[in-house]
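S.K.: One line per chain: the protein sequences are S and P, in this order.
Last residue of the first sequence: number 1209 in our numbering, and the count goes up by one each step with no gaps.
Last residue of the second sequence: number 1282 in our numbering, and the count goes up by one each step with no gaps.
Simulated from the structure, these hints should not be mistaken for lab results.
Certain hints may be false.
List of simulated lysine-lysine pairs, BS3-like, C-alpha gap at most 30 Å [claimed, not checked]:
no., chain 1, residue 1, chain 2, residue 2
1, S, K1114, P, K1180
2, S, K1098, S, K1082
3, P, K1274, S, K1016
4, P, K1088, S, K1201
5, P, K1095, S, K1082
6, S, K1098, S, K1016
7, P, K1095, S, K1114
8, P, K1187, P, K1088
9, S, K957, P, K1095
10, S, K928, P, K1095
11, P, K1095, P, K1274
12, P, K1095, P, K1187
13, P, K1095, P, K1180
14, S, K1204, S, K1082
15, S, K1082, P, K1274
16, S, K928, S, K1016
17, S, K1204, S, K1016
18, P, K1180, S, K928
19, S, K1201, S, K1114
20, P, K1029, S, K924
21, S, K1201, P, K1274
Cβ-to-Cβ under 8 Å is the rule here; a few derived chain P residues that face chain S [as the list claims (entries may be wrong)]:
no., residue
22, A1003
23, I1070
24, V1108
25, V1117
26, F1218
27, I1222
28, F1223
29, G1238
30, P1241
31, V1242
32, P1245
33, G1254
34, V1256
35, V1259
36, T1261
Note that beta-carbon positions come from the ideal geometry of N, C-alpha and C, so glycine has one too.
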Amino acid sequence: MNFKKRILKERIIFTIISILAIAILISIFSIFFIIVSKGIRVINLTFLTSITSFDFKGIPTGGIGPAIMGTFIVTAIGLAFSVPIGILAGIYLSEYKSKGHLFNVMRMMVSNLAGVPSVVHGLFGMAVFTIIFGFGLSILSASMTLAILALPIIIMTTENAMKDVPIDLREAAYALGAKRWQSAFFVVFPVAFSKIMTGVILASARIAGETAPILFTGATLYLAHYPTALNEQFMALPYMIYGLVTTSMNINASVPFAFGIALVLVVLIVIMNIAIMIVRSKSRKSLQGG
Amino acid sequence: MKSIFRRLPDRLLAMPGWISIAIIMAISFFLFYNWIPLFKSTSPFGFFFGTLWYPTAVPPLYGILPLIDATLWISTLAVMITFPFSFVLAIFISYVLPKKLRYTVKNILEIFSSIPSVVLGLIGLTIVAPYFQNVLNMDTGQNILNSALMLSLLTIPLPTSMMEDFITSFPVDQIEGGRALGATESEILFKIVVPGLKGPFSSIAMLSLGRIFGETMIVLMVAGNAAIFPSNIFDPARTLSATIAAEMGETPVDSPHFYALFGIGAVLFVITFVINLIGEIIRIKYEREMGRS
């Protein structure tokens, strides 16, 4: 009897857990579904390539070409700043770790930097890049702000990727007379490279979708042409979504447009994530094979 | 001379390593640097404990207490939703789902967690808010509950996959010890695995709290932007982060309002820093204990 009761209790607990979990999974799927079903209606080639304009009723027409371009440029420049520094810092953290207390502080600062709210990054970028450095509201300020945001992600994935490389490889390098930095760059880094790339893709997906850091460092809601210079303001996909549904003249007419942009962003991010998964499964297979 | 050259690559490599410390220091410096001039016109007491945030009134009032209150309401509610649901989802993935589906579901969660927050804000604003208002007859659909729900949806994937990792890598000998004593799976789970994972779980909770606390776009779009003291979860509210995002664009540089917004940024930075630090310390402590045993 007692045993039966316990079995019954077990069943009830797992049933409740399953119901709740499936409810969350359904809501997650329904968000994907909403974005796709609402976004697909407005997407066509002109939407993706032509310039945005608003008619006299405030209804957005045309496309989001400048915003796509702006997001790409800002993300690319942001990565150009953060990838070299981030990878070097990650290599340092993983290969030179036996140096005591300061190292824990350094690592703690990296994970704390990852936890800084993005709007605070925006404030910092505004104070330093737009005002003190005098870059003004520009592509340059925004991409440097985003670079700082991407930095901890790249550092942490590089560090973990380097740590996962078997110690034998380093010892073999030392045995051949390599110095520490030589083993790090010529032996360990090539092995860890594909995993480091997943970190870079992850960071670019993250900064491409950020809105708060570019709010006051250079994004603008409306630009009549494609971006041409680094010291100009730019349009960006995430900021355009926000602008269309909160500040535009005709919000109801702007909502479908905003969902179209949301779909473009989500598709970009899904592609990046699939790339990460492919890289990961390849490196898993190569480790098993070798 | 020769030894300097030999050590040169190592020294050079150390420089990027220091950069994260330098950036953290620069961030805190510039937040405070742009905050301090505020106290020429507003007392610290009036800033921290003032109950009115009217930056454009004459004379302007920069009391951040209602903003802190709203932030606490929203983040508490969001954590109260996020944590139990992540736990349930983690158990579901590791215990109930067949192994083949496990990776698929985890991958989908990972993709979902990198959806930009502005997209969830869009859904909260254009789909959930009208539903709350028209179908559930709330006074306004843009309220604390709506933003907490959207924040939780955004946050859930990360703690879920971290918890799932800890649950599946729990020491097998302890689980088998439980089985040998005749415990059922759920008894093993709640009396052996969960108590054993108290440390990591509390560090995960801190991590989610830190993320929720600083999240900006969702609360900016969905919480209703009213700088008042909310009395229940169906009231609109305005958080610290949303205030910065909403007002900084129109504020002239080096005005008291500008300084006050940097002050909010500094408060936000310090609070999230402390939350993350506590989480990190708990994690390191747990790792040491595991290493010893």
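S.K.: Compare the distance between the alpha carbons of K1095 (chain P) and K1180 (chain P) with 30 Å, and conclude whether the hinted pair is satisfied.
M.R.: With a Cα-Cα distance of about 26 Å, the restraint between K1095 (chain P) and K1180 (chain P) holds, given a limit of 30 Å.
S.K.: Within 30 Å, alpha carbon to alpha carbon, are K1098 (chain S) and K1082 (chain S)?
M.R.: holds (18 Å)
S.K.: Below or equal to 30 Å on CA atoms is what counts here, so check K1098 (chain S) against K1016 (chain S).
M.R.: The hint holds at about 15 Å.
S.K.: Return the status of the interface hint for V1259 (chain P): holds when the least beta-carbon distance to chain S is below 8 Å, violated otherwise.
M.R.: violated (10 Å)
S.K.: Would you mind confirming whether the straight-line C-alpha gap from K1095 (chain P) to K1082 (chain S) stays at or under 30 Å?
M.R.: holds (23 Å)
S.K.: Can you verify the interface hint for V1256 (chain P): is its Cβ closer than 8 Å to any Cβ in chain S?
M.R.: Cβ of V1256 (chain P) sits 10 Å from chain S, so the hint is violated.
S.K.: Given the proposed pairing of K1114 (chain S) with K1180 (chain P), does the C-alpha separation stay at or below 30 Å?
M.R.: violated (37 Å)
S.K.: Does K1095 (chain P) pair with K1274 (chain P) here, judged by a C-alpha cut-off of 30 Å?
M.R.: Measuring from Cα to Cα gives roughly 28 Å; hence the hint holds.
S.K.: Given the hinted pair K1201 (chain S) and K1114 (chain S), is their Cα-Cα distance within 30 Å?
M.R.: With a Cα-Cα distance of about 10 Å, the restraint between K1201 (chain S) and K1114 (chain S) holds, given a limit of 30 Å.
S.K.: Could you grab the alpha-carbon distance between K1204 (chain S) and K1016 (chain S) and see if it respects the 30 Å cut-off?
M.R.: holds (28 Å)
S.K.: Hint validation: P1241 (chain P) versus chain S, beta carbon distance must be below 8 Å. Holds or violated?
M.R.: violated (12 Å)
S.K.: When you check the alpha-carbon spacing of K1274 (chain P) and K1016 (chain S), does it fall within 30 Å?
M.R.: Cα-Cα ~19 Å, so holds.
The structure fails hints 1, 16, 20, 21, 23, 25, 26, 27, 28, 30, 32, 34 and 35 (numbered hints given earlier, in ascending order).
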